[in-house]
Amino acid sequence: MSIDATKTREAAAMPPPGTASTKKRVPQGHKRLLTRRDRITLGFMAGVPTVLHVALVWVTALASIALAFTSWDGIGFSSIKWVGLDNFKQLFTDNPQFWPAVEHNIIWFVVLIAVPTPLGLFLAVQLDKKIRFSRVYQTAFFLPVVVSLAVTGFVWQLVYNPDTGLINSLIGANKPGHYIDWIGDPHLNLWAVLIAASWRHTGYMMILYLAGLKGVDPSLREASSLDGANEWQTFKNVIFPTLRPTNTVVLVVTIIEALRAFDLVFVFNKGAQGTELLSILITNNIIGESSRIGYGSAIAVVLLVISLAVIIPYLIATFRKERRA
Amino acid sequence: MSTNAAALGKQRTPVRPARILLHTFLVVTALAWLAPLLWAVFAALRPYSETSTKGYVSWPDKLSLDNFKNAFEQSDMLHYFGNTLIIAVPAVLITLLLSSMVAFYVSRFDFRLNIFLLLVFTAGNLLPQQVIITPLYRMYLLIDLPGITVSGKLYDSALGLVLIHVAFQSGFCAFVLSNYMRMLPHELTEAALVDGASVWRMYWQIVLPLCKPAMAALATLLSIWIYNDFFWAIVLISTGENMPITSALNNLSGQYFTDPNLIAAGALLTAIPTLIVYFVLQRQFVSGLTLGANKG
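Sequence order for the protein chains is A and W. Sequential numbering of the first sequence, starting at 1, is according to the working numbering. Sequential numbering of the second sequence, starting at 1, is according to the working numbering.
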């Protein structure tokens, strides 16, 4: 969506610093105008951020992959042992938390795409009608996105608490013997957290769709209403198809949110019984008592592979489109 | 064309019943949306002694700000706000500086690796943090910084958090800023180049000032994200005293806050700075979010 910048070819054709020996393109235009100092400056400007980003993000991601094939207690490098696929074998067959975590991540995605996403789209369509107080409504739906997920977790605990919470107080389930333990019950807690997560996701989706709707050519609507289409027909046949780029972004954002889900669950019950997630399993491996680094890294690799399977095709498509533009 | 559409829109407004229905729907939904937050405010305004006898769903006898005051004082919140400040301010500034430099490089000069470089940055930002945390945690434990950080390591230090925030968030900012810079007319920098201006001058005095709107939007977004960070702080800070406010809240709720009303007050206090930023800079915030809608 934001990627419609028209790229005019800059005349300066200079090899990236450090690759001077590789074959150069035909020097033209500005090459002569860049002094040696300029090239050094440019090298620094791109180099410093790149080194920092690559060292902390990509080197560590690669290290996760390497560590996934080892067993290491974290005390001294000498205790690192190559174990091949053992960690993965154990993970897929023995770990009672792994498959539930995968399942919960999938449920997380399905719920976010099935409930708050259409709701956010619906709200966006309504608020796009140039109605009064649109800003006030937008703010109400959007506030949960601004408040941190950790704080959101605390706020929703006040709603779900068995004896002092809003829900149980309202339905009279706050007396001993009648408790509904929304956070402790393994059959309920995932859904309880997902309500809180959807509460937040709706506002986010609404904003993305509102931005998408602003880009819809008004003459399309006009033409459609002149043709006698009703509101639903106009939306279905004219507006929604033009929102395709937004839908792609929404899909990718939602998958990534589902894979990243962490804060809410951690504040709720640290991912115990019923709310396991891949992100939680990895984190518990570090800040919990057991420090099984290779094993934790194997889970990280599963998460990495799934993430990259989404991120890379999306980015390549995005950048290719940009290049064509 | 747009005036046409506006005129048409005006003509169509007198569909009254539909509008009333729509407003009713929106009011009800908006109130339902705010309910959890309003409930927290309501609980925070009531003394524990009252709610413990009368229950939470009851008419209040007395509303006061005592819980807010107690939460703030008992848990030394000011200290944790201070911790957040020394992490968030440098992190936001350095992220903007570094990412604008990368963006300048990839958008104003046609190097072959540009797209790849940008891809590396953007993809890195979209990864779930847990993918890299185990090696990062070990790396932070290994890096000794005697005399530079209080802990003597990168681990458990504000510096460590600043670095990871910068590394992670610069991916997103570089992407947004490079798109923005690409839309600036090329004549500007070409003329400067012909006049013999240095590359740095082109960046600092010509391109950067033109990027102010995008930078403002990103600064708003970054401050809210970094302020709200929970995960990095939970894993990379071990001393409770060093934690920024959002993750400190997790500790505080067990240590100092004994009743739900006090927890509600503490949580709301924690949310106040982001709410202020949002209300004051609403437009920047929203435009920032949609500038780079591919943010996860």
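No lab work stands behind these hints: they were computed from the structure. Watch out, some of these pointers could steer you wrong.
Stated by the list, open to error - Here are the computed distance ranges between Cβ atoms for each label pair:
hint: 1; chain 1: A; residue 1: Lys89; chain 2: W; residue 2: Thr258; range: 22 to 32 Å
hint: 2; chain 1: W; residue 1: Gly196; chain 2: A; residue 2: Val115; range: 54 to 64 Å
hint: 3; chain 1: A; residue 1: Phe133; chain 2: W; residue 2: Leu63; range: 23 to 33 Å
hint: 4; chain 1: A; residue 1: Gly84; chain 2: W; residue 2: Gln282; range: 32 to 42 Å
hint: 5; chain 1: W; residue 1: Ala18; chain 2: A; residue 2: Leu188; range: 31 to 41 Å
hint: 6; chain 1: W; residue 1: Leu31; chain 2: A; residue 2: Ala55; range: 42 to 52 Å
hint: 7; chain 1: A; residue 1: Glu103; chain 2: W; residue 2: Val280; range: 50 to 60 Å
Ideal Cβ positions, reconstructed from N, Cα and C, are used throughout, including at glycine.
Results of checking the hints against the structure:
| no. | hint | in the structure |
| --- | --- | --- |
| 1 | Lys89(A) / Thr258(W): 22 to 32 Å | 47 Å, violated |
| 2 | Gly196(W) / Val115(A): 54 to 64 Å | 60 Å, holds |
| 3 | Phe133(A) / Leu63(W): 23 to 33 Å | 27 Å, holds |
| 4 | Gly84(A) / Gln282(W): 32 to 42 Å | 54 Å, violated |
| 5 | Ala18(W) / Leu188(A): 31 to 41 Å | 39 Å, holds |
| 6 | Leu31(W) / Ala55(A): 42 to 52 Å | 48 Å, holds |
| 7 | Glu103(A) / Val280(W): 50 to 60 Å | 42 Å, violated |
Comparing the model with each numbered hint stated earlier shows that hints 1, 4, 7 do not hold.
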